[in-house]
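There are 2 protein chains.
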Amino acid sequence: MPELRRDPIIGRWVIIATERGKRPVDFSSPEPTKERGFCPFCAGNEDKTPAEVLAYRPAETAPNSEGWRIRVVPNKFPALMVEGDLGRVGEGMYDMMSGIGAHEVIIETPDHEASWSTMSQANLEEVLWAFKERIEDLKQDPRFKYILTFKNHGDAAGASLEHPHTQMIALPIIPKRVAEEMEGSRAHFANKERCIFCDIIHQEQMSKSRIITENKNFIAFTPFASRFPFETWVLPKMHISHYEDSEKVGFDYLASLLRDTMRRLDTVLSDPPYNLIIHTSPVTAFNLEYYHWHIEIIPKLTKVAGFEWGTGFYINPTPPEEAAEYLREAND
Amino acid sequence: MPELRRDPIIGRWVIIATERGKRPVDFSSPEPTKERGFCPFCAGNEDKTPAEVLAYRPAETAPNSEGWRIRVVPNKFPALMVEGDLGRVGEGMYDMMSGIGAHEVIIETPDHEASWSTMSQANLEEVLWAFKERIEDLKQDPRFKYILTFKNHGDAAGASLEHPHTQMIALPIIPKRVAEEMEGSRAHFANKERCIFCDIIHQEQMSKSRIITENKNFIAFTPFASRFPFETWVLPKMHISHYEDSEKVGFDYLASLLRDTMRRLDTVLSDPPYNLIIHTSPVTAFNLEYYHWHIEIIPKLTKVAGFEWGTGFYINPTPPEEAAEYLREAND
Chain X
5 MPELRRDPII GRWVIIATER GKRPVDFSSP EPTKERGFCP FCAGNEDKTP AEVLAYRPAE
65 TAPNSEGWRI RVVPNKFPAL MVEGDLGRVG EGMYDMMSGI GAHEVIIETP DHEASWSTMS
125 QANLEEVLWA FKERIEDLKQ DPRFKYILTF KNHGDAAGAS LEHPHTQMIA LPIIPKRVAE
185 EMEGSRAHFA NKERCIFCDI IHQEQMSKSR IITENKNFIA FTPFASRFPF ETWVLPKMHI
245 SHYEDSEKVG FDYLASLLRD TMRRLDTVLS DPPYNLIIHT SPVTAFNLEY YHWHIEIIPK
305 LTKVAGFEWG TGFYINPTPP EEAAEYLREA ND
Chain R
5 MPELRRDPII GRWVIIATER GKRPVDFSSP EPTKERGFCP FCAGNEDKTP AEVLAYRPAE
65 TAPNSEGWRI RVVPNKFPAL MVEGDLGRVG EGMYDMMSGI GAHEVIIETP DHEASWSTMS
125 QANLEEVLWA FKERIEDLKQ DPRFKYILTF KNHGDAAGAS LEHPHTQMIA LPIIPKRVAE
185 EMEGSRAHFA NKERCIFCDI IHQEQMSKSR IITENKNFIA FTPFASRFPF ETWVLPKMHI
245 SHYEDSEKVG FDYLASLLRD TMRRLDTVLS DPPYNLIIHT SPVTAFNLEY YHWHIEIIPK
305 LTKVAGFEWG TGFYINPTPP EEAAEYLREA ND
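Sequence lines, in order, name chains X and R.
Residues 5 to 336 (my numbering) are what the first sequence spells out, left to right.
Residues 5 to 336 (my numbering) are what the second sequence spells out, left to right.
A hint or two may mislead.
When chains are identical, the list treats them as one kind, so a pair holds in a single copy or across two.
[What the hints assert, rightly or not] Keeping only pairs whose Cα atoms sit at most 20 Å apart, straight-line, the calculated SDA-like set for lysine to any residue is: (1) Lys241 x Asp51; (2) Lys212 x Phe193; (3) Lys80 x Ser164; (4) Lys180 x Ser245; (5) Lys52 x Asn127; (6) Lys136 x Glu248.
Hints are computed from structural coordinates only; laboratory data are not their basis.
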């Protein structure tokens with residue numbers, strides 16, 4: 005059973021894999037686990053993954069057989085285990101709990117070569133619906149406090165499989181970065197009775213210099229204090245605290261904006277590896293006035309981010325205004 | 005002039021390079037700046053760096069000529085500028101200040117091939133003294149609140165030059181991670197009237213499972229909630245809040261422990277790239293009861309740390325107890 009351990013100084017929780025821990029040799033041999041040429045997420049290989057928990061497929065096809073458009077399966081090598089109780093224990097001065105959680109994979113399309121820039125609007129829209137469906141199912145489990153949805157695209161961004169997929173981890177704790185955002189936006193609301201993200205959207209629309217693209221319901225821009233070159237945020241213009249409550253602004257609008265944004269990043273940065281993270285409210289909360297869900301996209305560019313994750317101190321060599329200009333002008 | 009910009013939501017300051025910003029093409033071409041075969045830090049090339057601000061060299065040698073053992077020079081491509089005033093301004097809802105700061109490089113030895121595991125005890129001891137001397141000089145400048153000392157070793161850890169060196173950045177703000185540590189340890193002290201780092205040392209000495217090596221005055225262990233495989237912390241056993249006030253525990257003891265620790269990491273992980281960061285108190289404080297300076301070493305191992313720095317949420321595939329066991333048993 006993996007463990008969740010709490011840093012006693014700053015309170016950050018970390019998942020520690022306690023079984024089958026990676027040994028030194030696992031880090032030195034290049035690509036030890038990737039089986040080249042074989043992809044368990046491709047159509048025809050449905051029996052190579054755990055059984056699907058959700059699939060978009062014609063009614064006449066059987067579960068775990070071909071014919072699907074989207075499949076969601078438990079991760080074969082989960083970071084957390086879904087079965088068990090949340091044992092909370094101390095070890096001397098330290099705090100830990102058993103590593104309970106869900107770890108799922110959304111296989112976004114049978115097409116091994118697709119990406120968010122090249123897949124159809126209809127395909128990406130269904131992917132976004134699948135996220136919502138899985139979040140709504142996982143939030144029924146009272147052990148889970150937060151559902152983290154993230155996508156690693158490309159080798160350098162940590163993707164261990166090429167086939168287009170997104171991961172979802174349901175957690176019994178709230179990740180530190182999310183907790184900080186909740187706290188910061190709560191303080192802003194307490195001061196001003198306004199959502200800080202709504203204020204940011206307003207500010208960006210006034211100054212225009214960091215906007216990449218927008219449509220009726222969504223906006224993409226490079227944030228004022230971007231940590232990374234070409235860091236990009238996508239927000240619904242209307243105030244919504246939870247991703248899964250976004251029908252009213254339309255997953256069609258979101259899919260359209262994301263495809264547009266991704267095509268611009270691909271054009272300007274030549275299909276960069278990236279991490280994409282949905283920042284949404286904890287599932288234990290409900291219609292928060294002060295928090296506004298959004299997506300953060302971080303292209304993983306060569307030689308950027310050295311000691312930064314060790315210090316919380318970032319040096320960004322590309323001003324967000326310049327990055328936005330490149331992305332605005334990219335025609336696809 | 006670079007800018008320091010504050011994230012309005014979580015309060016993290018970021019350095020944004022506003023001049024000569026990196027363009028998209030700078031990220032796609034591999035190794036655009038590295039001149040192979042030529043090293044500006046090697047003996048004989050003293051005129052290829054800015055003039056030295058400190059050097060350990062025989063009295064009969066002239067500044068910026070050969071014969072030195074250690075040289076400290078301003079960074080030729082500084083992230084911050086040392087000349088100017090700390091203009092603090094708002095831009096709409098955002099906060100920023102001019103990017104004032106010092107950015108220096110400690111060239112640790114004339115030997116291009118050396119590392120902290122292979123250089124002599126006397127050499128590393130002088131390096132540690134040079135850190136202290138530069139910190140004491142930089143803290144005279146009232147514009148600076150924090151002095152960050154860090155080392156990127158190896159390409160994958162972001163080192164742009166191979167020659168053994170450490171960087172020092174004097175900042176007009178306190179980095180977020182440091183502020184969090186100060187806050188967490190202040191809260192612990194308020195509760196218990198004890199330094200949390202002293203408590204951690206005591207705990208580790210009781211349980212023993214995470215200790216790598218120790219000597220009379222210093223200890224190295226893998227922290228309980230390690231974010232990364234083989235993450236290693238080094239602390240003085242005696243309570244000292246500021247790195248530069250450590251004569252009483254001996255830079256000889258520190259050099260000896262660091263060489264031992266680095267040799268173990270090199271043996272077990274085959275000379276891994278790593279980031280090493282000195283966590284010390286802000287220069288505006290003085291003999292703090294609640295904070296305890298220490299060094300964090302983060303080996304940068306393949307395929308680890310994907311989306312982690314975007315979320316503050318870490319999955320560590322190697323339990324620190326196993327990592328410590330490998331490192332304890334490594335004989336050099």
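Each hint tested on the structure:
For a Cα distance limit of 20 Å, the shortest separation of Lys241 from Asp51 qualifies neither inside one copy, at 42 Å, nor across copies, at 55 Å. Taking identical chains as interchangeable, the C-alpha atoms of Lys212 and Phe193 are never at most 20 Å apart, the minima being 24 Å within one chain and 47 Å between chains. Within a single copy, Lys80 and Ser164 get their C-alpha atoms as close as 12 Å, which meets the 20 Å cut-off; across copies the closest is 38 Å, which misses it. Taking the closest pair of Cα atoms, Lys180 and Ser245 come within 20 Å of each other only inside a single copy of the chain (18 Å); across copies the shortest separation is 26 Å, beyond that limit.
Proximity of Lys52 to Asn127 under the C-alpha cut-off of 20 Å is found in neither arrangement, the shortest distances being 23 Å within a copy and 56 Å between copies. Only within a single protomer do Lys136 and Glu248 lie at most 20 Å apart by alpha-carbon distance; the minimum there is 5 Å, versus 53 Å between protomers.
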